[in-house]
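Order-wise, the sequence lines are chains A and B. First residue of the first sequence: 1, per our numbering; consecutive thereafter. First residue of the second sequence: 242, per our numbering; consecutive thereafter.
In case anyone wonders, no lab produced these hints; they're calculated from the structure. Please note: incorrect hints may appear among the correct ones.
The following residues of chain B were derived to be distant from chain A, with all beta-carbon distances above 10 Å [to be verified]: (1) P263; (2) L267; (3) T281; (4) V323; (5) E340; (6) A379; (7) S386; (8) D426; (9) E459.
To spell it out: a stretch of chain A is covered by chain B in this simulated footprint if at least three of its residues, at any positions, have a beta carbon under 8 Å from a beta carbon of chain B; those stretches are [as the list claims (entries may be wrong)]: (10) 76–82; (11) 99–108; (12) 138–150.
Just so it is clear, CB atoms sit at the ideal spot from N, CA and C, and this is done for glycine as well.
2 protein chains.
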Amino acid sequence: MSQTVSALLQLRDLILSGDLAPGQRLQELAIVDRLGVSRTPVRAALVQLQEEGLVEANPSGGYAVRAFSEQEVNEAIELRGVLEGLAARLAAEKGVEPERLTPLKGCLTEIDTVIGAARLTLADFERYVELNERFHHALTALADSPMLARQIARAYALPFASPSGFVMVQAIQPQAHHILTIAQDQHRCVVEAIENREGARAEMIMREHARLARRHLELAMHDQDALRHVRGAALIAPRRA
Amino acid sequence: MSQTVSALLQLRDLILSGDLAPGQRLQELAIVDRLGVSRTPVRAALVQLQEEGLVEANPSGGYAVRAFSEQEVNEAIELRGVLEGLAARLAAEKGVEPERLTPLKGCLTEIDTVIGAARLTLADFERYVELNERFHHALTALADSPMLARQIARAYALPFASPSGFVMVQAIQPQAHHILTIAQDQHRCVVEAIENREGARAEMIMREHARLARRHLELAMHDQDALRHVRGAALIAPRRA
DNA sequence: CTGGGATGGATTGTATACAATAGCTCTGGA
DNA sequence: TCCAGAGCTATTGTATACAATCCATCCCAG
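Produce the complete structure using the sequences and hints provided.
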């Protein structure tokens with residue numbers, strides 16, 4: 001693995017974990033000391049993080065950790081929903097061979113098994129997150145559009161905008177089962193819509209699916225404990241009281 | 242202006258003008274000779290161009306100019322329409338103060354004047370492009386979402402996906418007046434929709450508006466002469482006969 | 001004659017030295 | 001006491017030297 005990639009991964013992790021606070025200036029030499037690579041790959045990583053949106057360039061040079069308002073998080077989620085909606089619609093409109101839907105249906109079955117349990121363990125939630133991400137990636141791939149896939153991947157770069165961003169919040173909240181059941185039904189419906197070439201329906205379902213995450217955000221903003229389970233939550237500015 | 246920015250602008254220009262052919266490997270030292278800046282800013286510029294999508298990284302190191310299939314261009318335009326549609330919908334749903342619509346209406350009036358002429362000169366088309374871009378930027382700004390604005394700016398980075406990408410094609414085609422009239426009507430309708438807080442309508446108009454560009458692409462792909470007026474057309478792979 | 005491996009050149013990846021600049025502090029004057 | 005300016009320091013921007021790696025060519029063996 002190259003030093004640049006190493007620096008990128010480590011820096012991203014430091015930012016998302018909250019070790020580097022929002023607004024904090026990122027001094028190159030300090031990062032060099034911390035990561036043990038030279039300035040060149042650190043700078044390269046910073047440029048990429050800026051593109052990802054986790055870091056912003058100071059007009060007079062240097063970078064700072066980006067802070068996100070609650071509204072921006074909402075917009076990021078809405079944007080993700082719109083892009084996934086586009087992918088679902090494109091897939092439905094052009095039609096996909098039945099065998100390409102098999103892996104998606106496999107995800108559905110496995111998720112059924114996970115959320116079928118009477119009481120969900122933390123491991124169950126982690127398994128759900130894994131399956132959920134597999135489902136969303138497979139869905140994106142159905143559109144056969146590398147350009148769109150890339151744009152969606154960019155949206156996922158903000159972890160609180162990604163499909164599983166707020167799932168772990170539910171692990172400590174009573175409505176958990178409820179919400180996962182609803183999400184899973186949307187998964188099932190969107191596959192059906194694509195199968196039947198119902199483009200507009202597929203698009204709307206994915207948009208609504210993303211709005212589940214907005215509801216989670218709303219719940220989590222009232223619950224500091226829940227927010228701790230959300231990767232990157234440290235970047236979200238707390239509500240003004 | 243920094244060396245990095247200078248390198249970025251020059252390289253982007255070389256790629257879009259076709260001086261660097263699609264698929265061509267970009268050797269850093271060759272670029273250094275050509276641009277007169279050292280490798281460091283050249284490398285920084287290449288990373289940014291990769292994010293813009295004009296250049297792709299070779300798995301074993303180095304970069305090459307990206308080539309686009311006609312289908313990818315279509316997808317890029319569709320994507321732009323979806324994003325602008327989202328911006329228009331958000332603006333309509335939250336409502337915008339009447340005075341913020343004034344600059345947009347100003348654009349409408351000016352465009353009316355330009356396309357009102359019996360016969361359009363090349364200067365008229367250039368003026369149209371300028372006003373059209375002003376209109377689209379102002380519309381994007383109405384959504385009050387820097388996150389979305391940035392995503393739309395990224396879509397515009399591929400010039401053939403930007404709102405004025407194919408306008409100049411019309412300068413040498415007979416349907417010109419026709420198409421500009423239609424586009425301008427869509428401009429007018431979307432402002433009206435936002436004014437009336439008709440979110441769904443505003444969104445659909447912007448999507449359809451983008452599809453005008455897809456039609457232009459279709460026309461231009463048959464006409465090498467027309468393609469020469471499209472910035473970045475050199476990156477579009479010609480149709481297989 | 002063909003295939004595989006080794007060697008050399010070309011090219012990218014990394015580190016670091018140097019230059020430029022921005023921001024801060026300290027001093028002097030009003 | 002407060003403001004302005006100059007100088008210094010800390011930090012980023014740039015160039016370049018060095019290391020690693022990849023690719024191509026050539027030679028030798030089967």
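Do the hints match the structure? See the list:
1. Remark: the non-interface label on P263 (chain B) is consistent with the geometry, its nearest Cβ contact in chain A lying 15 Å away (cut-off 10 Å).
2. At the 10 Å boundary, the C-beta of L267 (chain B) stays outside the reach of chain A, the nearest C-beta of that chain being 16 Å off.
3. Once the 10 Å rule is applied to beta carbons, T281 (chain B) is inconsistent with being away from chain A; the minimum gap is 8 Å.
4. For V323 (chain B), the requirement that its beta carbon stay farther than 10 Å from each beta carbon of chain A is not met, with the minimum near 5 Å.
5. Residue-level check passed: E340 (chain B) sits 22 Å from the nearest beta carbon of chain A, beyond 10 Å.
6. Distance check on A379 (chain B): its Cβ is at least 19 Å (rounded) from any Cβ of chain A, clearing the 10 Å threshold; non-interface status holds.
7. Not every Cβ of chain A is farther than 10 Å from the Cβ of S386 (chain B); the closest lies at roughly 5 Å, contradicting the non-interface assignment.
8. Once the 10 Å rule is applied to beta carbons, D426 (chain B) is consistent with being away from chain A; the minimum gap is 24 Å.
9. A cut-off of 10 Å between C-beta atoms confirms that E459 (chain B) is not in contact with chain A; the least separation is 17 Å.
10. As drawn, the stretch 76–82 of chain A meets chain B at 4 residues by the rule of a beta-carbon pair under 8 Å; at three or more, the given contact holds.
11. Residues of the stretch 99–108 of chain A with a Cβ under 8 Å from some Cβ of chain B number 0, which does not satisfy the need for three, so the listed coverage is violated.
12. Closer than 8 Å: that is the beta-carbon criterion, and the stretch 138–150 of chain A has 5 residues meeting it against chain B, so the requirement of 3 holds.
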